[in-house]
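> Make a model of the complete structure from these sequences and hints.
Each protein sequence line maps, in turn, to chains S and V.
So in the working numbering, the last spot in the first sequence is 128, and the numbers never skip.
So in the working numbering, the last spot in the second sequence is 1596, and the numbers never skip.
None of these hints come from the bench; they were simulated from the model.
Treat each hint with caution, since some may be false.
[To be verified] Here are the simulated distance ranges between beta carbons:
id, chain 1, residue 1, chain 2, residue 2, range
1, V, L1041, S, P33, 20 to 30 angstroms
2, V, R1580, S, A34, 35 to 45 angstroms
3, S, S7, V, S1058, 45 to 55 angstroms
4, V, R1580, S, S6, 56 to 66 angstroms
Ideal Cβ placement from N, Cα and C applies to all residues, glycine included.
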Amino acid sequence: MNRLESSATVRAAVTVGSAVVAVAAVMADVGAPAQPILVLWFVLVCPGAAFVGLVRLPSPGFAFALSVATSCALAAVVAQVMLFAGVWSPLGGLVVLAELTIVAAVAGLAVDLRASRLTAAPGRGERR
Amino acid sequence: MSATLKTEVRPPALAVVGRRVRTSEAGSLAELGGVVGLWLLALGRVDLRAMTDLGLLSVLPWTAWGAVVLMAFSFARALARPTSPVWLLTTYPVALSTLVFCTPLILYGTPRYSWAWKHAGIVDYVSRHGAVDQHIDVLPIYHSWPGFFAANAMLSDLAGFDTSLHYAAWAELFFNLLALAAVLGILRALTPDPRTTAVGGWLFVLGNWVGQGYFSPQGINYVWYLLVVAVLLRWFPGRSAVPSPPELSATRRVGLCALVLLLLVSIASTHQLTPVVTMLTLGALALFRRTSLLSLPFFLGVVVAAWVLYVAAPFSRTALREALGEVGAVTSNLQNTLIGYGTASDGQVLVSLVTRGFTVAFCLLAGCGILASWRSRRRYASALVLALVPFLMVAFSTYGNEIVFRAYLFAMPGLAFFAALLLWPPGTSAWRHRAVLVGLLSVYLMGGSGIAQFGNDRQYHFTPEEVAAAEYVYDNAPPDTLLIEGSRNYPSQFRNYEHFTYVPIAREEPRDIQRIIENPVGTMTRWMSDTDTYRASYLIITRSQVAATTARGEIPGDGLLAIEQALRSSPLFRVVFENRDATVFTLAAAPEGGSS
Chain S
1 MNRLESSATV RAAVTVGSAV VAVAAVMADV GAPAQPILVL WFVLVCPGAA
51 FVGLVRLPSP GFAFALSVAT SCALAAVVAQ VMLFAGVWSP LGGLVVLAEL
101 TIVAAVAGLA VDLRASRLTA APGRGERR
Chain V
1001 MSATLKTEVR PPALAVVGRR VRTSEAGSLA ELGGVVGLWL LALGRVDLRA
1051 MTDLGLLSVL PWTAWGAVVL MAFSFARALA RPTSPVWLLT TYPVALSTLV
1101 FCTPLILYGT PRYSWAWKHA GIVDYVSRHG AVDQHIDVLP IYHSWPGFFA
1151 ANAMLSDLAG FDTSLHYAAW AELFFNLLAL AAVLGILRAL TPDPRTTAVG
1201 GWLFVLGNWV GQGYFSPQGI NYVWYLLVVA VLLRWFPGRS AVPSPPELSA
1251 TRRVGLCALV LLLLVSIAST HQLTPVVTML TLGALALFRR TSLLSLPFFL
1301 GVVVAAWVLY VAAPFSRTAL REALGEVGAV TSNLQNTLIG YGTASDGQVL
1351 VSLVTRGFTV AFCLLAGCGI LASWRSRRRY ASALVLALVP FLMVAFSTYG
1401 NEIVFRAYLF AMPGLAFFAA LLLWPPGTSA WRHRAVLVGL LSVYLMGGSG
1451 IAQFGNDRQY HFTPEEVAAA EYVYDNAPPD TLLIEGSRNY PSQFRNYEHF
1501 TYVPIAREEP RDIQRIIENP VGTMTRWMSD TDTYRASYLI ITRSQVAATT
1551 ARGEIPGDGL LAIEQALRSS PLFRVVFENR DATVFTLAAA PEGGSS
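Structure, rendered in structure tokens:
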């Protein structure tokens, strides 16, 4: 596994794992301090990290800030849609965010795996 | 054998340099550790109750000033060393921001600014109702742009909190660090020089005294605005981009563009002012071909128009005419922003004068930077757009009498860049004299910034006793309660906020305030006896209300304290809750709990 694949795998594992654990913690109502920590970590960081990971920005600090801001934006959009659609459900919102995170993380993993295979096959690259 | 001996006696030059580099970096980190230690020592000795009209600075011990000077000195040393790595230079503005915004968190424990509590009240409303009421009488604007509140209602519910106030005090640190990261991104897009970037980030932290990075829609919207600008300048530059943009494949650029669109939709749907300044800035960047995404202003315009005219229609129908009346009224918009000195206390006048002087000095510094860049034939058109275009907002609105400060806030990245350009022009190598200048100037700027940032904290911070009194009222009052307040400046409206009709004494007409002072018992008895309209009536007076009305001169003489004393000695009133910082009254004739 090269560095590209490795970082993509770690990112996907962390974001997807956080999504699953956050949903489980809320459903099991585990309470403080675990529940606030898991929920805040997931909602404020992971969805954005999964989407920003697709872009692979060269600056880690900026990428992290963009990840957090994107997570906040996704939470605001999802919450507003529930509000105006008359289907307010915080758990439902969390599940939607978790699904978005998983889709983005898996897509990121697939894109990076494909990119690293193309890099590892110079013959195909040369023909292009 | 001789080679081995040589190595032992004279290590290779590279290894020596490497060790020196590590030693100097460790020295900088040790200095920063010393700064943190001194600062914590200082905070441990602060007596908040001794605070005067000069705010937090009036109670900071000498160790705090020692920490500030040491930090400026350490930053100057790091700038002067040719071997200082980028991460170390960037650490200084980050450490400064952390120090500044950890301070209220550690000292007060509760969110600063009464508006943070009102925002928590809207979050509470959404949590309880799972809906918004766009026709509500109190704070209706938030029900038409509810994204920030809905997200926090969801977040606090999922985290198992009964109120967003559990984490609201952290918002200042959270938003300001995010804003700094975005500004560093903008500065890196404008110049490849790490020292200019670090000085710009440092100046941004010092210059950003406006205090909008608290628990508010503006806090997150400012971050989104800065990130959109940073992405455009760095990865979608137009002509004459100074540094070459980092390589991103076409697919990844499409993905990044999609993220920008998401941020723009979030801006349009969660705030009223930020979409305007974003549209102006993106429009100017597109007009001068400083970004390749020329259609973004149009996209944002369509989303904003759809939101204002469709989603927020109930609010827009009533408020749009008034808002349009402010368009073009530059002079009155400016005048409405600045407080008059006629009634304010001496300390408040001094804080205001220092703040204005500091702001003007910062803008002059940036102005000199602009002139210097013109003289050196470097135009920096993108930075000029960032520094100047936000001030066009003054022509559009008063925005609750604070439009100039909001314009300054949005202009900060551009202003900080030009000020940095003056102090450390790109391409300047590590130069000791220039570093000393930055260090000395930083100490002066830290003093001005400290007064501007924390000079009003006697009224902007709230004690647990004040919170307890407000909680008593908000937990016990039934719907349709009249709540008379000394002023709006206290932890208010954070729970069941729609149950109340609010009457702040300080917002009455001056002649009415005079009548209240002349006959507080009679006036309050008459107001609180309206049992046809209200099921209960309360009057609350707190320490922060007294501090605010005294500082601003809103109520003459002894003001609220005189009113409180008169009610205490009257048999017509009963104290239902009191502690050293707050008193809650009802009519003596009212049953226990305040219902009348």
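> So, for every hint listed, does it hold in this structure?
Now for the hints, and whether the structure bears them out:
Distance hint for L1041 (chain V) and P33 (chain S): a CB-CB separation of about 28 angstroms, consistent with the stated range 20 to 30 angstroms. For R1580 (chain V) paired with A34 (chain S), a C-beta distance near 37 angstroms keeps the hint of 35 to 45 angstroms intact. Judged by the Cβ atoms, the range 45 to 55 angstroms given for S7 (chain S) and S1058 (chain V) holds: they are separated by roughly 50 angstroms. In this structure, R1580 (chain V) and S6 (chain S) meet the distance hint of 56 to 66 angstroms, their C-beta atoms being roughly 59 angstroms apart.
Violated hints for the displayed structure: none, as all numbered hints are satisfied.
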